[in-house]
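Using the sequences plus the hints, can you model the full thing?
For the record, the sequence lines run as chains A and B.
Using the working numbering, you'd call the opening residue of the first sequence number 71 and step up by one each time.
Using the working numbering, you'd call the opening residue of the second sequence number 94 and step up by one each time.
To be clear, the hints were calculated from the coordinates, so they are not data collected in a lab.
Incorrect hints may appear among the rest.
Unchecked claim - Pulled from the structure, derived: some chain A residues nowhere near chain B, Cβ distances all over 12 Å: (1) A72; (2) S181; (3) G205; (4) P213; (5) P300; (6) T310; (7) G318.
What the hints assert, rightly or not - Which bits of chain B does chain A cover? Going by a derived footprint, with three or more residues having C-beta under 8 Å, they are: (8) 120-132; (9) 257-265; (10) 271-283.
Just so we're clear, the structure is a prediction, and the values are computed from it rather than from any experiment.
Ideal Cβ positions, reconstructed from N, Cα and C, are used throughout, including at glycine.
Listed here are the chains, written in short residue letters.
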Amino acid sequence: MARYLRTLRAFWTSALAAELEYPANALIELLSVLGNLAGSLVLLALFYGRGHGLGGWSWNEALVVLGMYTLLDGVTSTLLQPNLGEIVNHVRTGSLDFVLLKPIDSQFWLSARTFSPWGLPGLLAGVVLIVVAAGRAGAAPAPITVLGTAGLLLCSALILYSLWFVLAATSIWFVKVWNATEVLRSTLVAGRFPVSAYPPLLRTLFTLVLPVAFLTTVPAEAILGRATLPWVLASLGMATLSLGLSRGLWRHALRYYTSASS
Amino acid sequence: MKRTLRLARVLLSVQYAYMLEYRAEIALWALSGLLPLIMLALWSGAGAAGELSLSPAALNRYFLAAFVVRQFTVVWVIHVFEEDALQGRLSPYLLQPLHPFWRYLAAHIAEQATRVPFVLAIVLVVWLLGAGTSGWPPPSSLLLGLLVTQLAFLLRFLLQSVITMACFWSERAAALDRLLLIPYLFLSGLVAPLEAFPPGLRRLAGATPFPSMVSFPARLLSGGEVDLLGGLATMAAWMGLLLPLYLLLWRAGLRRYAAMGA
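And the structure:
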């Protein structure tokens with residue numbers, strides 16, 4: 071365990087040094103976070119401006135959901151995209167060979183090799199939006215609620231990671247699934263809105279097949295003090311299940327890995 | 094003339110074969126464009142049709158058309174070009190008596206051809222799920238819509254090509270695409286029909302090339318009322334602006350090209 075922590079520190083200090091070579095990207099990423107946030111707010115306002123709302127959620131409550139989405143998008147830009155986006159390239163060029171030869175768990179290496187500090191503005195914006203919107207929605211969460219929400223958010227991040235890793239791992243068979251991750255990113259856009267705003271069929275789909283509901287709606291309900299035990303347990307179960315699935319699939323996939331000449 | 098035709102045929106057939114090899118990816122990619130359909134679910138859930146002076150059937154048709162337009166206007170030239178420039182693959186292309194622009198354009202068109210069956214399948218599923226009650230647009234507007242969709246693709250390709258020229262000045266220019274995607278997402282009519290925008294925002298959107306890329310062809314395709322000549326003139330004006338800019342930047346950039354890699 072200590073070895074893994076030490077390795078992680080080495081990974082991330084080198085990643086930070088490499089990323090700081092491109093300071094202009096900080097500006098691009100910041101503009102992108104702000105632009106996306108502004109666009110989402112305008113879009114939400116279009117729904118609420120007509121007095122219809124979305125799935126029975128008030129304006130401020132819907133903003134909490136948007137905050138959760140922004141936060142998870144920040145996690146994606148910080149950790150998931152830089153790491154898991156590379157898996158496809160490793161498979162295609164055969165450099166996965168070198169990863170497999172290292173005396174460290176290959177899934178760990180692939181998932182934590184680098185990190186991008188440019189995702190941090192997204193994380194920050196998400197947290198700020200959640201705190202402000204939850205306060206305006208009249209939520210006065212007890213410390214235990216905040217802790218529980220943090221736990222649920224961790225579950226969301228794990229589910230998101232597992233989904234992404236599973237998709238990237240299929241590149242062992244299909245070789246070029248560069249866009250697999252794009253699919254995920256664009257489908258998860260659905261998480262910008264509370265899941266109850268969708269028609270019943272999509273709602274089921276977003277809960278069972280593509281767990282968008284667990285990603286943003288469940289943690290948002292938790293911070294608003296509306297969490298129910300079945301949903302919390304389901305979220306925990308979904309996180310464990312998908313993490314186990316990603317692990318199992320990776321081990322299975324490696325048996326089919328035939329390398330590539332470069 | 095004969096040479097041009099032969100060139101086009103060879104380029105397209107090579108790229109088509111290449112794309113077919115990676116059809117798994119294209120299938121996934123087709124799925125990644127589901128955003129307009131997700132938005133359709135939200136807008137019909139919000140009961141917005143009545144206030145937008147659009148019947149629910151017209152709303153269905155609009156978003157289904159927006160989905161089709163989005164599928165055939167996907168542009169990724171900046172990502173390929175960045176990789177080609179960084180890995181030195183651009184150098185042999187430059188030696189050939191053909192502007193690399195055509196190679197990328199052929200790749201995009203070939204990819205659209207591979208996409209057709211997946212798009213048809215998805216449209217059919219949505220049709221069967223209930224949007225089918227909304228009726229079928231007349232063949233004339235269908236044909237015209239598909240033609241204008243191709244023009245919209247060219248416009249988007251040209252716009253991204255202009256941004257792509259930043260690859261000559263920076264090693265991470267593909268990040269700019271994230272910025273370009275934001276106004277495209279929110280102002281093009283992909284997430285909301287332009288009628289839903291407040292007047293000020295609508296004027297702002299109208300001053301950008303983005304509505305020409307989704308809203309205009311989607312309305313044509315769905316058989317809605319549009320100012321055909323005005324729309325075409327706007328598209329032509331933007332293309333007339335972007336093409337010289339592209340050529341100018343290409344020349345300036347090429348002088349800076351350092352032919353990295355092997």
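Each hint tested on the structure:
1. A72: Fine: 35 Å to the nearest Cβ keeps A72/A off the interface.
2. S181: holds, 21 Å
3. G205: holds, 26 Å
4. P213: holds, 35 Å
5. P300: holds, 24 Å
6. T310: About 26 Å separates T310/A from the closest Cβ of chain B, which puts it past 12 Å; holds.
7. G318: At roughly 21 Å from the nearest Cβ of chain B, G318/A sits farther out than 12 Å, so the non-interface label holds.
8. 120-132: Satisfied; 8 residues make the cut.
9. 257-265: With 3 residues closer than 8 Å to chain A, the segment 257-265 of chain B meets the three-residue bar; holds.
10. 271-283: holds (count 6)
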